[in-house]
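Protein sequence lines correspond, in order, to chains A and B.
Count the first sequence with the working numbering and you get residues 1 to 218, in order.
Count the second sequence with the working numbering and you get residues 1001 to 1356, in order.
It is possible that part of the hints are untrue.
Result set (SDA-like, lysine to any residue): computed pairs, CA atoms no more than 25 Å apart in a straight line [stated by the list, open to error]:
#1 K74(A) <-> G203(A)
#2 K1228(B) <-> G59(A)
#3 K74(A) <-> L1169(B)
#4 K74(A) <-> M1222(B)
#5 K74(A) <-> R1166(B)
#6 K74(A) <-> A1172(B)
#7 K74(A) <-> P1176(B)
The set of hints was computed from the structure by calculation and includes no laboratory data.
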Amino acid sequence: MTDTLLCEHRLRQAVLDGDAVAAARLAAEGLAAGVPPLTLLDEGLISAMGEAGRLFEAGEFFVPELLVSARAMKAAMAVLEPRLADQPRQSAGRIAIGTVAGDLHDIGKNLVATMLRGAGFEVDDLGVDVTPGQFVEAARAGANVIGVSSLLTTTMISMRAVVQALEEAGLRDRVKVMVGGAPVTPEYADAIGADGFSDNAGGAVTLARRLAAMARPS
Amino acid sequence: MTSRERVLMAMRHQRPDRPPFDFSWGFAPAQLHRFQEATGALDPEDYFDADTRMLRPSPTRLATDYSRYLGELPPGAHVDEWGIGRRPTASPDAAHAHLDGFIYSLLGASDERDALDYPLPDLDADYRYQDFAARVAAVQARGIAALAAMECTIFEVAWYMRSMERLLLDFADGSPFAATLLDRITAVREAQAGRYAASGADVICMGDDVGTQRGMLMSVRMWRTWLKPRLARVIAAAKSARPDVLVFYHSDGDVTAIVEDLIEIGVDILNPVQPECMDPAALRRRYGRRLSLWGTIGTQSTFPFGSPDDVRREVQARIEAVGADGGLFLAPTHMIEPEVPFENIVAFVDAVKSST
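Chain B with its partners taken away, still in its complex shape (with noise of 0.2 Å):
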């Protein structure tokens, strides 16, 4: 069985061989620098054969001046093609080099025209996705099945241009700024969505974060009325550009209060699902074949702070718990940060592939 086949079985709730497995959100440069020098090999996806690949659409060739809306850059400081700005931490620990703090492009923005006149990228231009159908088929061809990435769809780009406080009390406020700004963002993600989903990908990965480590970040009323409608046209030009293209949606924290809605909106899979304040096994109890589980291995724990043994029994505990029809794809719930000990990447790998 391919790494592609196994994806698409356990994501469509048939049992492969056994889960399917991947890094989602990689390794930090320190934990990275340690893989290298342990395995002289360059790439832990390749290493370790994870089944999945992501990519991304070629770069821009805008050159969009964001400084009237950054001002003066500190040392270090890069920007992004949203206009976001990004300061790295002042801390000399090498475990600390991945970790940075945002310089926000509309802090102080006021009025709808401020949304209006905000230069976005340009994730909908026809040549950024010249050679992505091309390479969605290179990974095909190896086996491995093909994530298209999408993350921070809505919400998070919109609050890491406004500050999170800001944008909350816009949207407690009804405010017509954020309202265009969020349809403009969305605008950007419907043209992409649906170049991701005619190029073959097999899954595109959305995600906003909208849990905290006790429940929601906002009431599920205020979530319904700023964020799902938006995230529904997102999912909707993707499937009707091709309707079996997997939808995987990222929220770190409890996000249980929203998962009923996100299935409804189409999503299909759910990621990361922290073992820390999420029950898996509940999940799989409640929603069945309707939802498929990513993730789940816990980073805030046992990746961290268990034992090899630790991490093998906890792979064990769920693919007994949720994965025995499929629909569970085993992953640490989030970056594989430098204070995860190397045996316990190793010993996850190990535990899944000798599955069952």
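So that you can see chain A by itself, here it is in the shape it has in the complex (with noise of 0.2 Å):
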């Protein structure tokens, strides 16, 4: 039955079933038999963990099953990197993503990291305990959305100053920002001047395309 199933097919299944040894055996076994590089990206690991995101909105995947899905991505990305390094991809947007200052949680802004890039995102990751000032720098860089994440109500109403200093510093018209973590409500989002929210990593990486997209010069 499996043999009938094309390469990218079967890496996709492995990579859901968070299975990182057949994950990469199977990415060099499509490009021995000729599939293209960017067909095992696109149709095998972007498309798993888009799946998976969807489960863990669904409330099918948990945390440990996104984390060996991502392990199992990663271990067939290594085998693939080679191979991709001089074909022209086009990035699904850059984001740079961070908890605010004073806070250090890192658990849920881990998770919608991976998942960015799992979706082929390029990420910047901050790290936590990240300044307004940070985050302007990383819209300087080159940034088309910023991610703001905080576990508790007292680093939350931080995140406001990560808006005003993007519009103090001029950037607020080319980037977009998003937020989340647990006290982070709808209307919160829109009280501070956020473009969007996601209350999960899997809705999170849904709203960065769209985000994107409108960041985009066009």
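Using the supplied hints, reconstruct the complex from the two chains, each of which is provided in its own coordinate frame.
If you want it as structure tokens, here you go:
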């Protein structure tokens, strides 16, 4: 049965199963069989991580399932990477992401960064305790989406300062800001002038795609 | 009616004169400072006459050197008795002073040997409980309920050592390292729980955060494989030492999916029941007298962002929906952070004390 499946589809399933050994092997087999590396990337890896995000949003996958899928994706990527280097690729967007100043919680932020990479974004992970100035620098360096995370109401209120700093730097009209974290609500995102909100890592990818398309210079 | 009688009645589903209350997870430093300025008092629990006091074992005499697990520590970092390092935030904002990040001691561990070799604290040693029963009795003699602290019971101390990402991957992989580490932590907790119960403490406060704002962090199946049986052993150790000791279990987030399992293994009280993501009234309807609720006044919503009237209304609404036949203990669902207006704390206490 599996023999009749295309390599990229088996690769996709291996990533969804969180099987890193099989994913690396299938990526190598695909390349050896002459499947274009971009096909293995798009139809195998990115498609799998998109499905993982959908299953997470639907409550069928939990954090551990996302982590094992991401690990399998990375194992296959290591095989594909040398063959992708000379391929022209359109990035899904460039996003700088970090946990807001004062806050050192990074589990949710890391998960979102992982899922964005899985979706083909170039991700600049600024880490935790990120000042408004660091977000501004990242926007200057070329990020067209800024992702800001916080776990506490104490630090959530500093998210507004990030939006303001981008405005003061004259960058607000060319970058989009998305926010998330346990206490953050859509109403709060609106109130501080953010462009979008998601309450989960799968939804964050969908939102980032939409915002990156809007932020891209026409 | 004394505070202790009120707590015990409510937690055994009899109707006390009013629901008991406390500030379960305390005041953030900046909030405590504001309280002290405003009142001239030192301790909010004494000042507001909270119905409980939390007790801990005496300090350890061990001075375990965890440097080979932690490497060189950044300035301002400290290490606790589990060998977990914490570094302070770089934020100059005084409101952030209590926030810190982990320096993981077992991030680089690879096999079961590493879990067997790791030095654990001596929370099972006699000397740490020598005066515990006397301290419990002293609190109870003041008419106050004595709580025994055991937060971050198993899963949280384990991931504070390993990192959450690595520990969850270990779970997914069926790692013998993780099983051994968790078993060793569980054994320490069983000893601690037995001593707490034997000392006469009214409530043992256990907990591991396994919920997120929108449901379980891990699948119920994974929780049942890795955490439920171990938590069950800790609870059994407490209840075999003293069957009527009350077991309180804390998890942030929405843990609706495991409430039935928690009751099955002996949990009497669920904390903090964040109203932003769990419905206290639905829990009461579904579990009735099998479970008491402790918390339920939101620190993600009403406490920081509501008015004093909003706080009073939430207290009243909760009593009507959940507390008619006991089984309700009112408290902020988490630490009272610096942005909570002081008037809201006063309104909370007033509303509880003036309720019936």
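Structure versus earlier hints, numbers of those that do not hold, lowest first: none
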